[in-house]
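Visitor: If you want the building blocks of each chain, they are given just below.
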Amino acid sequence: MASATDTGRQATAAPAAGPPAIELRGISKSFGAVQANRDISIRVRPGTIHGIVGENGAGKSTLMSILYGFYRADAGEILIDGRPTEIPDSQAAIRAGIGMVFQHFKLVPNFSVLENVILGAEDGALLRPSLAKARKTLADLARDYDLDVDPEALVEELSVGHQQRVEILKALYRHADILILDEPTGVLTPDEADHLFRILRGLKAQGKTILLITHKLREIMEITDEVSVMRRGEIVATVTTAKTSPEQLAELMVGRKVLLHVPKGSAHPGREVLRIEDLRVTDAQGVARLKGVSLTIRAGEILGIAGVAGNGQSELLQVLGGFARGRVSGTIAVDGQQIPAAGKGATGQTRRQIGIAHVPEDRHHLGLILDFTAWENVAFGYQAAPDYQAHGLFMDNDAILRDTRGKMDRFDVRPPDPMLPAKSFSGGNQQKIVLAREIERNPVLLLVGQPTRGVDIGAIEFIHRRIVALRDAGAAVLLVSVELDEILSLSDRIAVMFDGQIMGERLPAETNERELGLLMAGVASTAGAA
Amino acid sequence: MDYMTLIEILGSTLRLGTPLLLACIAGLYSERAGIFDIGLEGKMLMAAMASGAVAALSGSAWIGLGAGILASLLFAAIHGLASITFRGNQLISGVALNFVASGATILIAQTLFGQGGRTPPLTGEARFGPITLPFAEALSGVPFLGPFYGRVISGQSLLVYLALATVPLTWWLLYRTRFGLRLRAVGENPESVDTAGVSVVRLRYTAVALTGVLCGIAGAYMATSLQAGFGREMTAGRGYIALAALIFAKWRPWQALWATMLFGFLQALALRPDVIDAALPGSLTIPVSFLDALPYILTVIVLAGFVGRAIPPRAGGQPYVKER
Chain V
1 MASATDTGRQ ATAAPAAGPP AIELRGISKS FGAVQANRDI SIRVRPGTIH
51 GIVGENGAGK STLMSILYGF YRADAGEILI DGRPTEIPDS QAAIRAGIGM
101 VFQHFKLVPN FSVLENVILG AEDGALLRPS LAKARKTLAD LARDYDLDVD
151 PEALVEELSV GHQQRVEILK ALYRHADILI LDEPTGVLTP DEADHLFRIL
201 RGLKAQGKTI LLITHKLREI MEITDEVSVM RRGEIVATVT TAKTSPEQLA
251 ELMVGRKVLL HVPKGSAHPG REVLRIEDLR VTDAQGVARL KGVSLTIRAG
301 EILGIAGVAG NGQSELLQVL GGFARGRVSG TIAVDGQQIP AAGKGATGQT
351 RRQIGIAHVP EDRHHLGLIL DFTAWENVAF GYQAAPDYQA HGLFMDNDAI
401 LRDTRGKMDR FDVRPPDPML PAKSFSGGNQ QKIVLAREIE RNPVLLLVGQ
451 PTRGVDIGAI EFIHRRIVAL RDAGAAVLLV SVELDEILSL SDRIAVMFDG
501 QIMGERLPAE TNERELGLLM AGVASTAGAA
Chain Z
1 MDYMTLIEIL GSTLRLGTPL LLACIAGLYS ERAGIFDIGL EGKMLMAAMA
51 SGAVAALSGS AWIGLGAGIL ASLLFAAIHG LASITFRGNQ LISGVALNFV
101 ASGATILIAQ TLFGQGGRTP PLTGEARFGP ITLPFAEALS GVPFLGPFYG
151 RVISGQSLLV YLALATVPLT WWLLYRTRFG LRLRAVGENP ESVDTAGVSV
201 VRLRYTAVAL TGVLCGIAGA YMATSLQAGF GREMTAGRGY IALAALIFAK
251 WRPWQALWAT MLFGFLQALA LRPDVIDAAL PGSLTIPVSF LDALPYILTV
301 IVLAGFVGRA IPPRAGGQPY VKER
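Listed in order, the protein sequences are those of chains V and Z. Heads up: the first sequence begins at 1 in our numbering, then just goes up one per residue. Heads up: the second sequence begins at 1 in our numbering, then just goes up one per residue.
Only chain V is shown next, with the shape it has when bound in the complex (with noise of 0.2 Å):
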């Protein structure tokens, strides 16, 4: 029976034609004490999409920069076709055959398409003739590649989508053969997303390698052919994608089981918790924000608002939260009672006094402050709540310290060390700490945005386990995030918002994300319109 397996393995070998078009041995990265990367070897074969997934932190980004140039390893060789290749820089990075496609864009925003294309790669001290070359290159690839942008537009007139096109074009134009994509999707739409896939499909059968750096499953089960799971800085694991799952995956990269989705039992609506009528923001600038939002959240249940950033989501959560901008319309009632939707009687205070609570979208500049200690990070607030008060002018520093250790404990932030800044925290744990602070008070009115950006997979779980027993305890929750899986199976009701509006509002069990998109993209959908 043992030649059964041999002959398996053989059969998984076979089509590694010639050598790997990339080959990592033996990597080695540190800074200072922390080991980034370690012993790390991996062979991604030409002509395949290999995958490379793990949590913030594994290590993922560091392996890359230093195959584009960035960093040098501390240890271990790169080969390119087979040849050992020094990447001192990126201009070697470059000359090896090498594009990257950061998550950041590195374009100058008032450049146009064709002067960002050949930025570094001029044929020649004088422009006219490089742009002529490369406005007939751009024609071509565009053809064959479905890579279609207009050239002469400038770069921050672009859509996000197409923004991300002129980084695969400029990466092309210097003949890149290896691509790597950084966490490509994290800033499109569904529908873009899928658009960018055919680009990578295309590519590949034109027999460029790519190399797709995220932390979305879905996306490795997808479009890979390979997948390296990386976990504390080191390969865990290579496998065939077509012979692994999600779960298996998961469980890779966080080292122990982890469920995709928590499991969440049926909402038991109450009574109206929040309703909004009519809320319009328009900014200092004068731009529509919000154009007429009217909705309604009841008890025990969560509302999930989909959408691609940008479309008025952020705004709706600082006019709740108490800290609008700009000229806001509308009403906002808490249980019956009218509250201000902005001006003087809208603040953090007075929001938090009627029990609504907020877990903000950007934890780094609303949620935290960072070089605060994590129990000072605890107490704002709800600083001048009467437990953390001793007498007279005084806060209880003790209590304070003494309700944040049990915190900490109760929501397993790791290290469970009051003291330390809330910088020094994993992510994952940073929300953790904020979400500590805004649930443990029974707010009648969670308010959360983005809960599991940045954050690991074994944190995702928790968070939605607690996200998901406050609504069973009886609170209303809004819930806004772009990612579509997370609003899937989380929400109770999902609003998806476009350009300040809302779309419609759809069932979980009765949308897919195919519909969902559409409506974010701003399209009305003709089969479930009322």
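In case anyone wonders, no lab produced these hints; they're calculated from the structure. Hints are supplied without guarantee of correctness; some may be wrong.
[Stated by the list, open to error] Listed below are the simulated EDC-like cross-link pairs for lysine to aspartate or glutamate, each with C-alpha atoms no more than 20 Å apart in a straight line:
1) K136(V) x D123(V)
2) K322(Z) x D74(V)
3) K344(V) x D283(V)
4) K106(V) x D81(V)
5) K250(Z) x D74(V)
6) K204(V) x E23(V)
7) K257(V) x E461(V)
8) K216(V) x D177(V)
9) K322(Z) x D89(V)
[To be verified] What follows is a list of derived Cβ distance ranges for each label pair:
10) G305(Z) x L370(V): 25 to 35 Å
11) Q349(V) x R252(Z): 46 to 56 Å
12) R272(Z) x F323(V): 55 to 65 Å
13) Q91(V) x F290(Z): 12 to 22 Å
14) S140(Z) x Q91(V): 53 to 63 Å
15) Q91(V) x F144(Z): 54 to 64 Å
16) R87(Z) x H175(V): 32 to 42 Å
Remember, it's a predicted structure, so these values are computed and weren't measured experimentally. Note that CB positions come from ideal geometry on N, CA and C, so glycine has one too.
Following the hints, put chain Z in place on chain V, whose structure we already have.
Guide: Only chain Z this time, still in chain V's reference frame:
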């Protein structure tokens, strides 16, 4: 005001606008590359002193010009070191250099010549004299254009023509060459340049050096052409006026020409209070000190942002720290 008076005022506009123009274009290179340079003033002052002193000692305006450029380059190099290599605060570096220049120029001139911080008056070859352009005489009889050509365009110092030439040259460099593309890119988003495999540091040093050269010419012009020798604080805030003009011009070369000439015109007007008073009704007069203050008042207005929105290069003022 008759036509010949206007011609005379326009002539001094060009003369007085020239150091502003040179300094403004100088600042344009640096700021377009993302390095704010509040030290234009100090560089000009150093150059004025160095060129005045060396021209006096050597008797050659050309050697004086070279010395002025070197002195300015030295200050540019310090600013580059502070703001590019050591990633210091660019405003503080610039202000510090201005202070140093203010004191050092007087100290050096006093040590060398003992004339109260001045350099000796320059004559003959030690100055850049006026150049008469061809046909200036022949065309002098042509109404309107003749005097304009003969007494505004012609008869200026070589450095004036050089300053004017930097305008189209800078435009061409910025918008038609690889260097210009990279220079503009590094001031907007240095990461785009870095990831394209081009050295941010080298580009920025090049830009700062160009600033040094042009400030050097501006200072040398002050001491060896506009005036005959260096005097204490002779730049009198022209570096700041040039900065205001640069913002006014929204960091573009042709607009820089018009902006600096506007400031030059105001300075030229201040030289002719009689013309203003004659234009005012009755016995109204305007204090000369008000006219003297006009360019500075306009500077404050421009810097306070009263002339439309000026969007500086996006990466301006931020040291580039490479990350991932």
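Visitor: Looking at the structure, which of the earlier hints fail to hold?
Guide: 4, 5, 8 and 13
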